[in-house]
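Number of protein chains: 2
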Amino acid sequence: MSFYTGRYVSSHGSTHNRVPLSVGEVTLGWHLRESGRTLALAGKTHVLPDAHGMRRLALDGQNDLSTLLKEGWFRLVDRHDGHHGEPDSAYADWLRSKGYASRDPWTDFVIAVDGPDGTPLSGWKMRNARYPARVAEMHSETAYTTDRAIEFLEAQGDDPFVLHLSYVKPHWPYIAPAPYHAMYKPEHCLPVQRHEAERGPGAHPMFRAWQDEEVAQSFQQDVAIETVRPTYQGLIRQVDDHLGRVWATLERLGRWRDTLVIFTADHGDYLGDHWLGEKELFHDCVQRVPMLVYDPTEAADATRGTEDPGWSRRWTWCPPSSMRSASTPRAMWWRGRSLVPALRGSQGEDWRDCAVSELDWTFRGARRRLGYATGQHMAWMVRTDRWKYIHWTGGLRPRFFDLRQDPGEFHDLGEDRTLVGVRDAMRHRLLQWFTRLKSRTTITWAEAEQRTDSHKKAGVFLGEWRRPPGRNPGGRSRPSRPRHCPAPRHAR
Amino acid sequence: MSFYTGRYVSSHGSTHNRVPLSVGEVTLGWHLRESGRTLALAGKTHVLPDAHGMRRLALDGQNDLSTLLKEGWFRLVDRHDGHHGEPDSAYADWLRSKGYASRDPWTDFVIAVDGPDGTPLSGWKMRNARYPARVAEMHSETAYTTDRAIEFLEAQGDDPFVLHLSYVKPHWPYIAPAPYHAMYKPEHCLPVQRHEAERGPGAHPMFRAWQDEEVAQSFQQDVAIETVRPTYQGLIRQVDDHLGRVWATLERLGRWRDTLVIFTADHGDYLGDHWLGEKELFHDCVQRVPMLVYDPTEAADATRGTEDPGWSRRWTWCPPSSMRSASTPRAMWWRGRSLVPALRGSQGEDWRDCAVSELDWTFRGARRRLGYATGQHMAWMVRTDRWKYIHWTGGLRPRFFDLRQDPGEFHDLGEDRTLVGVRDAMRHRLLQWFTRLKSRTTITWAEAEQRTDSHKKAGVFLGEWRRPPGRNPGGRSRPSRPRHCPAPRHAR
Numbered sequence: 001m002s003f004y005t006g007r008y009v010s011s012h013g014s015t016h017n018r019v020p021l022s023v024g025e026v027t028l029g030w031h032l033r034e035s036g037r038t039l040a041l042a043g044k045t046h047v048l049p050d051a052h053g054m055r056r057l058a059l060d061g062q063n064d065l066s067t068l069l070k071e072g073w074f075r076l077v078d079r080h081d082g083h084h085g086e087p088d089s090a091y092a093d094w095l096r097s098k099g100y101a102s103r104d105p106w107t108d109f110v111i112a113v114d115g116p117d118g119t120p121l122s123g124w125k126m127r128n129a130r131y132p133a134r135v136a137e138m139h140s141e142t143a144y145t146t147d148r149a150i151e152f153l154e155a156q157g158d159d160p161f162v163l164h165l166s167y168v169k170p171h172w173p174y175i176a177p178a179p180y181h182a183m184y185k186p187e188h189c190l191p192v193q194r195h196e197a198e199r200g201p202g203a204h205p206m207f208r209a210w211q212d213e214e215v216a217q218s219f220q221q222d223v224a225i226e227t228v229r230p231t232y233q234g235l236i237r238q239v240d241d242h243l244g245r246v247w248a249t250l251e252r253l254g255r256w257r258d259t260l261v262i263f264t265a266d267h268g269d270y271l272g273d274h275w276l277g278e279k280e281l282f283h284d285c286v287q288r289v290p291m292l293v294y295d296p297t298e299a300a301d302a303t304r305g306t307e308d309p310g311w312s313r314r315w316t317w318c319p320p321s322s323m324r325s326a327s328t329p330r331a332m333w334w335r336g337r338s339l340v341p342a343l344r345g346s347q348g349e350d351w352r353d354c355a356v357s358e359l360d361w362t363f364r365g366a367r368r369r370l371g372y373a374t375g376q377h378m379a380w381m382v383r384t385d386r387w388k389y390i391h392w393t394g395g396l397r398p399r400f401f402d403l404r405q406d407p408g409e410f411h412d413l414g415e416d417r418t419l420v421g422v423r424d425a426m427r428h429r430l431l432q433w434f435t436r437l438k439s440r441t442t443i444t445w446a447e448a449e450q451r452t453d454s455h456k457k458a459g460v461f462l463g464e465w466r467r468p469p470g471r472n473p474g475g476r477s478r479p480s481r482p483r484h485c486p487a488p489r490h491a492r
Numbered sequence: 001m002s003f004y005t006g007r008y009v010s011s012h013g014s015t016h017n018r019v020p021l022s023v024g025e026v027t028l029g030w031h032l033r034e035s036g037r038t039l040a041l042a043g044k045t046h047v048l049p050d051a052h053g054m055r056r057l058a059l060d061g062q063n064d065l066s067t068l069l070k071e072g073w074f075r076l077v078d079r080h081d082g083h084h085g086e087p088d089s090a091y092a093d094w095l096r097s098k099g100y101a102s103r104d105p106w107t108d109f110v111i112a113v114d115g116p117d118g119t120p121l122s123g124w125k126m127r128n129a130r131y132p133a134r135v136a137e138m139h140s141e142t143a144y145t146t147d148r149a150i151e152f153l154e155a156q157g158d159d160p161f162v163l164h165l166s167y168v169k170p171h172w173p174y175i176a177p178a179p180y181h182a183m184y185k186p187e188h189c190l191p192v193q194r195h196e197a198e199r200g201p202g203a204h205p206m207f208r209a210w211q212d213e214e215v216a217q218s219f220q221q222d223v224a225i226e227t228v229r230p231t232y233q234g235l236i237r238q239v240d241d242h243l244g245r246v247w248a249t250l251e252r253l254g255r256w257r258d259t260l261v262i263f264t265a266d267h268g269d270y271l272g273d274h275w276l277g278e279k280e281l282f283h284d285c286v287q288r289v290p291m292l293v294y295d296p297t298e299a300a301d302a303t304r305g306t307e308d309p310g311w312s313r314r315w316t317w318c319p320p321s322s323m324r325s326a327s328t329p330r331a332m333w334w335r336g337r338s339l340v341p342a343l344r345g346s347q348g349e350d351w352r353d354c355a356v357s358e359l360d361w362t363f364r365g366a367r368r369r370l371g372y373a374t375g376q377h378m379a380w381m382v383r384t385d386r387w388k389y390i391h392w393t394g395g396l397r398p399r400f401f402d403l404r405q406d407p408g409e410f411h412d413l414g415e416d417r418t419l420v421g422v423r424d425a426m427r428h429r430l431l432q433w434f435t436r437l438k439s440r441t442t443i444t445w446a447e448a449e450q451r452t453d454s455h456k457k458a459g460v461f462l463g464e465w466r467r468p469p470g471r472n473p474g475g476r477s478r479p480s481r482p483r484h485c486p487a488p489r490h491a492r
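If you read the protein sequences in the order shown, they are chains A and B.
Residue 319 in the working numbering sits at position 319 of the first sequence, with consecutive numbering throughout.
Residue 67 in the working numbering sits at position 67 of the second sequence, with consecutive numbering throughout.
Source of the hints: derived by calculation from the structure; they are not laboratory data.
Because identical chains share one entry, a pair is satisfied inside a single copy or across any pair of copies.
In silico EDC-like links for lysine to aspartate or glutamate, alpha-carbon gap of 16 angstroms or less: (1) K70 / D81; (2) K456 / E213; (3) K279 / E213.
Construct the entire structure; sequences and hints are all you get.
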C-alpha cells in the first residue's frame with residue numbers, strides 16, 4: 001500500500017496485510033488511469049476492499065467502480081494470490097483445462113508434491129520442500145502469470161500501458177516445480193545468520209516472543225534451513241528465467257524503446273536467520289530488496305549499468321518515478337521523490353539520510369502471549385548508515401544496533417548506557433520523520449497555494465480596522481476613544 | 001473535524017478549515033445515524049466536501065448520499081456559516097420575509113451598522129463594532145439559529161435525537177444587535193494580555209511574522225481592543241440569553257430527563273492579547289474553551305454542580321461521550337475516551353497528563369513572508385501543567401514557556417540553555433503522542449482481535465514443519481538430513 005500510495009504506513013493507515021486501505025485513499029492505479037494509460041495487474045496484490053467504507057458510501061455493489069476499488073484501480077489481467085486454496089479462480093480453470101482434475105488444483109498440484117513413495121504430500125509442510133511440485137513447470141504459478149503478462153503485452157500494440165506484473169514466488173508454501181526444486185544445494189545458498197546472543201537472557205522480549213512463533217521454531221532446526229533454502233533459491237531462479245521470456249517479448253514487440261521497467265520486491269524471508277521465519281522484525285536480511293530500473297531514454301545512458309548502494313532505501317521513490325514517467329503532474333499525495341533525475345545522471349539534493357520502516361504487531365500471536373490486549377501496537381525502525389534504532393509502543397525498550405561493529409545485527413545495544421546520546425539522536429530523527437508525514441491529502445499543492453492568505457478573495461474581510469483609502473463611510477478620519485471607555489489595562 | 005472524528009488532526013488529515021476531511025473518514029454524524037437517531041445540525045459547521053474524493057468515487061451527484069457527505073452525515077435543520085455574504089440561503093429568505101429588503105441581507109443588515117449620522121457602515125471594519133447591527137435582535141443570527149433549534153426540538157416529541165446546535169457568534173465580524181452592542185464597557189472585559197518582550201529582538205520568527213498580519217496590526221491599537229472587546233462580550237451574553245430559551249424548551253417538553261447536553265466551543269479569540277488577532281498560536285487564551293456537561297442520569301448526581309479544572313484538556317473525549325450516551329458500541333475510530341464515567345463519579349485511570357494541539361500554517365500569509373514554498377508546514381504544541389512546548393517544521397526553533405513562572409506566556413524560553421533537558425523531555429512526549437495516533441481506521445478492534453494469529457483459520461498453514469499428530473502422510477517420522485547437504489554455516 002505504500003508503493004500504491006507513495007506514502008508511509010502511518011500516513012495511509014493500511015498498517016498490515018489484514019488492514020485495507022481506506023476507500024478515501026488515492027492509489028497509483030488511480031493516478032495512472034487518470035493519465036490515460038491502460039493499467040493492468042497480473043499476479044498477486046494485497047489490495048483488500050475497505051468493506052466498511054464501501055458499505056458506508058454505497059459502493060459495495062457489483063458495478064465497475066466497485067470492482068476497480070476492490071482491485072486498487074487496476075484492471076485485472078489475472079489476480080492470483082498464492083496463499084489460499086482456490087477452487088474458483090481463472091488459474092484453477094486453466095489448470096483443469098490442462099488436465100489437473102481437482103476441485104482445488106492449486107492445493108492438490110501446484111503446492112503439493114509427490115513423496116518418495118509416490119504418495120502426494122502437502123506443500124504446507126516445509127519438510128516437503130525438497131520434493132518437486134505435482135504441477136509441470138510450464139503450468140506453475142510463475143509460468144502462468146508470465147503467460148498472462150505476455151498476452152497483455154502483445155495486445156497493447158504500440159499503446160502506452162502500465163503493467164504491474166506481480167509474482168507470487170519466491171514465497172511460502174516453499175514448493176518448486178522440477179527442475180527448480182533440485183537445482184541448488186545448501187552450499188549454494190546464503191549461510192544462515194544467527195547468534196546464540198540473540199537467545200540470551202538480555203534478548204528483547206518482543207524478539208523472544210517472535211522466536212516462539214511456529215514458523216520461527218520450525219526454522220530453528222538446521223534440517224528446515226537445509227531443506228527450504230535450496231528450494232527458495234530455485235524459485236528465485238525460476239522467476240529469473242521467466243522474466244527472460246518477458247524481456248524477449250518486449251524485444252520482439254520493439255517496446256524496449258519506450259518502456260520503463262522497475263524490478264523490485266516487498267520483502268525478503270528470514271528462512272532461519274536470527275532464529276526466525278517470515279519477515280517482520282526489521283533485520284536487513286528481510287528489508288533489503290532488489291531494485292533494478294531500466295530507463296529507455298538516452299539521458300539515462302549517463303547511469304546505465306551502474307549501481308547505487310543507497311537505492312535500497314528509496315522505496316518511496318517508486319510511485320513518483322512511474323508517475324513522472326507517465327507525464328502526470330507531480331501529485332499532492334506523494335511523500336517520496338522521483339528516481340528519474342538520478343537515473344539520468346543528476347545527483348540532485350541528498351534529501352534523506354535515513355530509512356524508516358514500520359510494523360503493526362497487533363496481529364501476531366506474540367502480542368497475545370506477551371499479554372497485550374487488542375489496540376494500537378506499532379513499531380518503527382530508523383536506520384542510518386551506521387545505526388539501526390527500533391522503537392516500540394507498549395512501554396517496551398528500544399532495540400538498537402551498531403551496524404559498523406555488528407553488521408550481522410546480533411548484539412542489541414538497546415540498554416547500553418554509553419549510547420544514550422546516540423539513541424536520543426535516533427529518536428529525534430524518528431520525531432522529525434513523524435512531523436514530515438503527509439497527512440493532508442484532500443487538496444493539491446496548487447490548491448494549498450491558492451488558498452493561502454486568500455480570505456479577502458473569498459469575501460472575508462476579517463481584521464480590517466482602517467477604511468479603504470479615498471472613501472469615508474465612517475465619518476471621522478480616526479475614531480476617538482469613546483468617552484465612557486478608560487484605557488485598557490496592559491500587562492506589561 | 002477532530003470533534004467529528006474523535007481523532008487528532010495528524011490522524012484524520014483535515015489540517016485546516018480549508019482542507020476537507022477525506023470522503024473515506026468516519027464522522028460522529030455517521031456513527032450516530034447508525035445508532036438510529038435523528039441527527040441534525042442547526043447553525044455553523046466547517047464541513048467541506050472532499051471534492052476530489054467524491055469525484056473519484058462518483059459521489060458528486062445530487063442524491064441523498066452526496067448531500068449527507070457534504071454535511072458530514074448530519075441532516076440540516078439549517079446551515080449558516082456567518083463568514084460570507086449569502087444572497088441565497090434560508091436565512092436570507094427569512095430575513096427578506098421579515099422586511100429586510102436586500103439581495104444580501106446578511107451583509108447589508110446583520111453585519112452592517114447604522115453609523116452616528118445614520119449612514120450604513122460595514123461590519124467588516126472593526127472600527128464599526130461599537131454601533132448596533134442594522135438587524136433587530138430577534139432577527140439576528142443567534143436568534144434565528146435558536147428559533148430553528150426550538151422548532152426541531154418541538155418536532156421530536158419523545159424520540160431520541162442528536163442536535164448539533166452551532167452558533168456562529170461570538171466571532172468576527174464583531175457586530176452585535178442592540179442592546180448587546182452597548183451592554184459592556186472596556187472595564188467589564190478581560191484586560192489585554194501582552195508584553196513588550198514579545199516584540200523584542202529575541203521573538204520567534206513565526207510569532208513576529210504573525211504579528212505582522214493585518215488582523216494583528218489592527219488589534220495592536222488600543223482603540224481596536226476598546227472597541228471590539230465590549231461587543232464580543234455582548235455577543236457572548238446574547239448566546240447565553242438564547243441558550244436560556246433552549247433550556248426552557250427542554251423544560252417545557254420534559255426532555256431534561258433524557259437529554260445529555262454538552263456545551264463547548266472550538267476556539268477563543270486573541271482580540272489583542274499577545275499583539276495578535278484570530279486564534280492560531282497556541283496561547284491558553286485561544287485554546288482554553290468552555291466545557292459544560294449536563295448528564296440527566298441519577299448516577300451523575302455524584303458530580304453534579306462540580307468543576308474539574310482538568311477538563312479543558314479533554315477535547316477528544318467529546319465524541320466518545322455522545323457515542324456512549326447513544327448506546328453504540330465503542331467505535332474503532334476514536335482516539336479519546338468517554339467522559340461518562342467521570343461524570344458519574346468514577347475517577348478512572350489518569351490516562352493523559354498533557355494536551356496536544358496542532359496547526360497547519362501553510363495557509364497563512366506569514367508563511368509566504370518568511371519565504372517558505374507551499375508544502376507541509378505544521379506545528380504542534382505539547383502542554384503539561386507546568387510547561388508549554390511548541391514544535392515547528394521548517395527548521396524553526398521551538399517556542400517554550402514555563403507556565404508556573406510565566407502564566408501570561410510572555411517569555412519564550414525556546415533558546416534557554418539551562419532548559420535543554422526539559423525541552424528534550426517535552427519533545428519525547430510529542431514523539432510518544434505521534435506513536436499513539438490512530439492510523440488504522442478501516443477495521444474494528446473486534447476484527448483486529450479476530451484477525452490475530454488467525455492464518456490457519458484462513459487456510460494458510462505457513463511455518464509448519466512437523467506433521468499433525470496421529471497422521472503419517474510424509475512417510476518417515478522425522479526427516480534425516482539429505483545426503484548431499486552439509487550442515488549450514490552458522491555465524492556464531
